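A.B. asks: The chain contents come next:
Number of protein chains: 2
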Amino acid sequence: MAGEFELIARHFTRPSRRPWLGVGDDCALVTVDAGMQLAISSDMLVEGRHFLSTVEPERLGHKALAVNLSDLAACGAEPLACTLALALPRADDEFLAGFARGLYALAERAGIDLVGGDTTAGPLNICITVFGQVPPGQALLRSGARPGDELWVSGTLGDARLALEVFRGRVVLAGGDFETVRRAMELPQPRVALGLALRGVASSAIDLSDGLLGDLGHVLARSAVGARVDVDALPRSAVLAAQAPALQRECALAGGDDYELLFSAAPSRCDDVLAAARSAGVAVTRCGAFTTERGLRVVDAGGHELPLTWHGFDHFA
Amino acid sequence: MAGEFELIARHFTRPSRRPWLGVGDDCALVTVDAGMQLAISSDMLVEGRHFLSTVEPERLGHKALAVNLSDLAACGAEPLACTLALALPRADDEFLAGFARGLYALAERAGIDLVGGDTTAGPLNICITVFGQVPPGQALLRSGARPGDELWVSGTLGDARLALEVFRGRVVLAGGDFETVRRAMELPQPRVALGLALRGVASSAIDLSDGLLGDLGHVLARSAVGARVDVDALPRSAVLAAQAPALQRECALAGGDDYELLFSAAPSRCDDVLAAARSAGVAVTRCGAFTTERGLRVVDAGGHELPLTWHGFDHFA
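Sequence lines, in order, name chains Z and P.
Using this note's numbering, count along the first sequence one by one with no gaps and you end on 427.
Using this note's numbering, count along the second sequence one by one with no gaps and you end on 427.
Since the hints were derived computationally from the structure, they do not count as laboratory data.
Owing to the predicted nature of the structure, the values given are computational and were not obtained by experimental measurement.
Please note: incorrect hints may appear among the correct ones.
As the list claims (entries may be wrong) - From chain P, some residues computed to sit far from chain Z (all C-beta separations above 12 Å):
1) 120
2) 164
3) 206
4) 244
5) 260
6) 299
7) 303
8) 380
9) 401
10) 402
11) 406
12) 413
To be verified - Quick look at which bits of chain Z chain P covers, simulated, 3 or more residues with Cβ under 8 Å:
13) 140–150
14) 181–194
Using N, Cα and C, we set each Cβ at its ideal position, and we do this for glycine too.
Assemble the whole structure, with the sequences as input and the hints as a guide.
C.D. replies: So this is what it looks like as structure tokens:
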């Protein structure tokens, strides 16, 4: 791409907050604190699949980093740094300015540096890799859920999916309601503080990116347990709660793009979970339990089992 | 993508060589040796720009990792691990099998694990991030060249560019010669062992990805020095050396895709450079010097300066 180096210099060179070498050499050099393990996650975002062409560049910059920070949150890792690889159809100064603004604003709040990366000409593609640190043995894993543990989720579920249904023309919302759910889709808030506060409290965790049923399925497979989901207890925004019951359940169970944490904790740790949530400033809701019996059951407030499995929702993912 | 998780499991789950958590959780957990700095590099490969659609998937898997390992080599870092993010137009089992074979074969030789990543539907795009470690203060940087240092390169230059010119129809080569230069383009060998051996010997290093003149320009800018390149001393393969002189120079000076190391060392370290090259099993060639006078001069064997600057070659990059 003509002007590649100038564009990088203009938009992606900022002073670093830690004494390490940032953008501009063959590698970035990052110092991990003594005795800490490095936690790494990488997510690739493609237009039309992870974001719509209508999204503002600033929100896209936010979201591209947010979905990666959400993976660190799910491990209880402290964010350190990230790299950005970007393929762009053309050297678009205005796009890059907005994208960088959104990305750096979130990086600033998360206390991390952008330490390197790559830009190239090509169909729009954003690949961010994040680095965090965690004391050995303290990372929250998908494999730690035990029968009897309670199932928790942070925030509210399903708003991003509801926004998508508006874009698809299946649902109509008033302007203010649409803006609310659109923000949920375009400006997810990674639960980094909650993940840190849950170390030593939660027995397992995963971030909700593909929808609750699918992501919970990964935890069940890794932990070799089953689960019961109390569908009517799933936390929903006022906007989603005003929709038809079937749509509410579809969005909350299989919506995707929530970037909330789903985690397990022993019943005896309930107070510790609530204290962790308070310290992180995030609401958490108990909405099920893990079972010895394998499989995933979805049960309503009347105790009736819904005739669905997470496989039944796979085509929504 | 339908079957995403199955495809990942089939092609990208292998036992890890170090006691860390690999593919399958929200993050990979990697242990950096006590007291070592982490070196990170990320490269994104796009069809038509970084590789041709005709490339065998196995060679593409090799090259995608090789160009990243080359960045670690240029820093003198010991490779530890990598992540892979992959956008594919469709879930292509045969492509993934070949790609994984090429990637893992090189990963095996480099002694690293694939510890995580992402796959998605989208225009073909490969983003690999590599992690290495280096003792603090010992990384080879672009900023260390000093006036009086000699300029060295590893291997031979220009074959990948010559292969590209064959694909473009500008050059015709006999079958065996074409296969030789095509291998240079599609199967570059990252100079990891040389980079490690040059720690404490070379004063600066960079890997040659965009062509010697452009990459040397980065070293000059970072080191605040100038350089003289002895164009007729640049190492060329027998195939390239049989081409017209102007084409030889164009390929060697501005070819791109060489993935050799360009480095500087004080004249007093010449024997150490040669010993490092011997220990790494890689040829190195002295082909210029760094100067107090800024700018980049290209001089032939008769001492005549060629009327070109690296800016003059920018359109080839």
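A.B. asks: Is the nearest CB of chain Z more than 12 Å from the CB of residue 406/P?
C.D. replies: 16 Å, holds
A.B. asks: Taking the minimum C-beta separation from residue 120/P to chain Z, is that value above 12 Å?
C.D. replies: Check passes; 16 Å lies beyond 12 Å.
A.B. asks: Residue 402/P clear of chain Z by more than 12 Å, beta carbon to beta carbon?
C.D. replies: Its Cβ never comes within 12 Å of chain Z, the nearest being 23 Å, so this holds.
A.B. asks: Decide, holds or violated, for the assertion that all CB atoms of chain Z are farther than 12 Å from the CB of residue 164/P.
C.D. replies: Label holds. Min Cβ-Cβ 18 Å, cutoff 12 Å.
A.B. asks: Just checking, residue 380/P versus chain Z, shortest CB gap more than 12 Å?
C.D. replies: 24 Å, holds
A.B. asks: Is it the case that residue 299/P keeps its Cβ farther than 12 Å from each residue Cβ in chain Z?
C.D. replies: 16 Å, holds
A.B. asks: Mind verifying the non-interface call on residue 244/P? Its CB should be farther than 12 Å from each CB in chain Z.
C.D. replies: Contrary to the label, residue 244/P does not stay out of reach of chain Z, its closest Cβ about 7 Å off (not over 12 Å).
A.B. asks: Measuring Cβ to Cβ, find out whether residue 206/P lies farther than 12 Å from everything in chain Z.
C.D. replies: 15 Å, holds
A.B. asks: Residue 401/P: least C-beta distance to chain Z exceeds 12 Å?
C.D. replies: 22 Å, holds
A.B. asks: Are there three or more residues in the segment 140–150 of chain Z whose C-beta lies closer than 8 Å to some C-beta of chain P?
C.D. replies: holds (count 9)
A.B. asks: So residue 413/P supposedly isn't at the interface. Is its beta-carbon more than 12 Å from every beta-carbon in chain Z?
C.D. replies: 32 Å, holds
A.B. asks: Minimum Cβ separation between residue 260/P and chain Z greater than 12 Å?
C.D. replies: The assertion about residue 260/P holds, with a minimum of 20 Å to chain Z.
Going down the numbered hints, you'll see the structure goes against just number 4.
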